[in-house]
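Based on the hints, put chain B in the right spot on chain A.
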Amino acid sequence: MNPRHIFSVFLVNIRELARDKGGLFFTFLFPILLMLLFGFIFSDTDETVYDVHIQDLDGSASSMNFTGMLGSMDVFDVSIIGSEESVDDFIEKNDVDFVVVIPEGYERSLFIGVMGDVNSTVNLTVKYDPSIQSTRVKMSILNSVLQEMNREITGGRNIVGLTAENVFTDSFEYIDFFIPGVIGLTVMTGAVFGTIFGDTELRKKGIFRKLSTTPISRGEWILSNMLFQLFLAALATAEILLVGWLVFGSVLHLNPIFFVIIIFEAFAFTGLSMLVVRFVKEAQAASALGNAITFPMMFLSGTFFAVDGMPGFLQTLAKILPLYYVNEGLRDAMIFNDTAEALENLVPIAIFAVVVFVAGVFLTSWKQD
Amino acid sequence: MTGSRSSPGIIEVKDLVKTYGELNAVDGISLVIEEGEIFAFLGPNGAGKTTTVEMIEGIRTPTKGSISIMGTDIGRDPTGMKKMIGVLPQEFSSFDKLKVRETLKFYASLYSRSKDVDDLLKMMNLEEHRKKLYQNLSGGLKQRVGIAVALVNDPKIVFLDEPTTGLDPQARQEVWKVIKDLKREGKTVFLTTHYMEEAQELADHIAIISHGKIIAEGTVDELIDRYGKGIKLTFTGAHPKLASFLADADCGIMNNGECDVRPGKEGQVSVVLDTKDQVLGILELVKGAGLHYRGINVRRSNLEEVFLTLSGESLKSGGEMK
Chain A
1 MNPRHIFSVF
11 LVNIRELARD
21 KGGLFFTFLF
31 PILLMLLFGF
41 IFSDTDETVY
51 DVHIQDLDGS
61 ASSMNFTGML
71 GSMDVFDVSI
81 IGSEESVDDF
91 IEKNDVDFVV
101 VIPEGYERSL
111 FIGVMGDVNS
121 TVNLTVKYDP
131 SIQSTRVKMS
141 ILNSVLQEMN
151 REITGGRNIV
161 GLTAENVFTD
171 SFEYIDFFIP
181 GVIGLTVMTG
191 AVFGTIFGDT
201 ELRKKGIFRK
211 LSTTPISRGE
221 WILSNMLFQL
231 FLAALATAEI
241 LLVGWLVFGS
251 VLHLNPIFFV
261 IIIFEAFAFT
271 GLSMLVVRFV
281 KEAQAASALG
291 NAITFPMMFL
301 SGTFFAVDGM
311 PGFLQTLAKI
321 LPLYYVNEGL
331 RDAMIFNDTA
341 EALENLVPIA
351 IFAVVVFVAG
361 VFLTSWKQD
Chain B
1001 MTGSRSSPGI
1011 IEVKDLVKTY
1021 GELNAVDGIS
1031 LVIEEGEIFA
1041 FLGPNGAGKT
1051 TTVEMIEGIR
1061 TPTKGSISIM
1071 GTDIGRDPTG
1081 MKKMIGVLPQ
1091 EFSSFDKLKV
1101 RETLKFYASL
1111 YSRSKDVDDL
1121 LKMMNLEEHR
1131 KKLYQNLSGG
1141 LKQRVGIAVA
1151 LVNDPKIVFL
1161 DEPTTGLDPQ
1171 ARQEVWKVIK
1181 DLKREGKTVF
1191 LTTHYMEEAQ
1201 ELADHIAIIS
1211 HGKIIAEGTV
1221 DELIDRYGKG
1231 IKLTFTGAHP
1241 KLASFLADAD
1251 CGIMNNGECD
1261 VRPGKEGQVS
1271 VVLDTKDQVL
1281 GILELVKGAG
1291 LHYRGINVRR
1301 SNLEEVFLTL
1311 SGESLKSGGE
1321 MK
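First to last, the sequence lines map onto chains A and B. Our numbering puts the first residue of the first sequence at 1, with every later residue one more than the last. Our numbering puts the first residue of the second sequence at 1001, with every later residue one more than the last.
So that you can see chain A by itself, here it is in the shape it has in the complex (with noise of 0.2 Å):
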């Protein structure tokens, strides 16, 4: 391996990007437009239930008067927590981002109150994400029925009041969902594409079989765009990772084994495509092929939407499409920080991209028959 081959490569690939305005549009801007699209659709559906669990720790009948209430208005889908858990492992447990506890001598306070003591209050308290837009609703909405019960009861003085703790859960929003699908979606398309296009041209030109007549090696070449692959992968999910802080604030976990998966991605998509595009000789022929890989992928493989949404027949189909792995990898690493499950999602994904790299290396050459 000559590093100085290596390098050339990488500078002309560079060259040839920089004054490609198409494929500067699909590799920076597309992937930008896309997340807005999507981030903007999905991320701002205003929900017309909003999910409250409650916690009676007083279990008198003001209290559940109290639950009752809530529980009557439509605006509120409430659950009751046990009074035995512990909010604070529920929450963790079940990724739940609103939890009113009602505390003890509720119903004690707000009699003694009523009664004219005005110095007996009780507070509420909430258990909440800030992190997540919802939640600012859920409590302007608690905020005001608390406010009208105080009116009705003692014609406007405080008894019940609020508590509000920050909780922050890992529940997410569509947006923390979609910025991994949408890197593991511009890594791949970028790899596919860019070997396709690039295989066909170069020799459709001759240029292969002018590189053959040259000291360069084709396994030269081969890491030489693999490299360049990896720097765009980086380059892209730098900056999707940025406009989805600074448009939607969302803030995800760089996890090393976040690296790894777009590193093997990176191998996995550009062998395979060294693989099929065997197949082809024209331009249109390989966008066709390129499309036929991505295509499937891109719809079936979770990248918009949870995979565990869609029919059964679906879902099986999908795990056996590696960007499935990849998604699936990138979320457990991005989003729950879970080392060990994007662990299990990387072995598969690394596996395939050994196999069809090699194979890739091995069963092409820039020898003509």
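In short, the hints are calculated from the structure, not lab data. There could be a bad hint or two in this list.
Stated by the list, open to error - Using 30 Å as the maximum straight-line C-alpha spacing, the simulated DSS-like pairs for lysine-lysine come out as follows:
no.	chain 1	residue 1	chain 2	residue 2
1	B	Lys1131	A	Lys21
2	B	Lys1229	B	Lys1083
3	A	Lys367	B	Lys1105
Same frame as chain A, now just chain B:
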């Protein structure tokens, strides 16, 4: 059929065969190319020229036969061989969005030893185009870039596969000049072409290939002497009796004692002869008879006629047989 070539040559090809299924695309070719010469490999499209040259360049693997360059079998040291040769492949094209100078820099970086890129631009008359993108160049300029790329490693042997196909006459002349300069620099040029006039203009030695086999080989003069149709002497504006005079004349000075007289239109009369002496003899005869004419045209047989004689077919300008 390597004729009287002095061996060892800089390139030696022996009994080369390339088979695709039932088809022998190259069918037992042997060649010796001498150092410093322009060797033209001439033949119609599909004759096996490019397949042969690509086997010598190491792009294709032969079915049978041996190829050595400077005494070394090409399979033994492919990397070392690549440093000695420069190749302009058929229908060469380069990276569209690289500038001319960047293209040369890229190819130069692939060799441990290379020519100065700016010297090369100067030599190929490409200096004023150095900052143009490859995709914006004319066909002739693209071909000049291709030849420049073939020269970046200062090779001993330069392979040019159909270097002027698709070029206009002026661009073709420019490429020819470059090829002649290469010879002056002492390089060996292996030229593949279907243009007869190109081989005639440039080549020191020609091998004619048809259907995968070499059907004739030699210098231009040797080929024309051996397979040509002699010298054609044409009188224009000739006296009406000139044709019959020549037909009846004692043609002892001519080949086989026969006058091959071909009356043409508008007072044109042609006689086909073998030697210059015969031409002079005929002119004396006509002068002696007092038959006047306006002018004469003496044309030697060319490679086109050689090819026609050898294959019974002639070549269209696109390289197809007709």
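Hints that the structure is at odds with (numbers, increasing): 2
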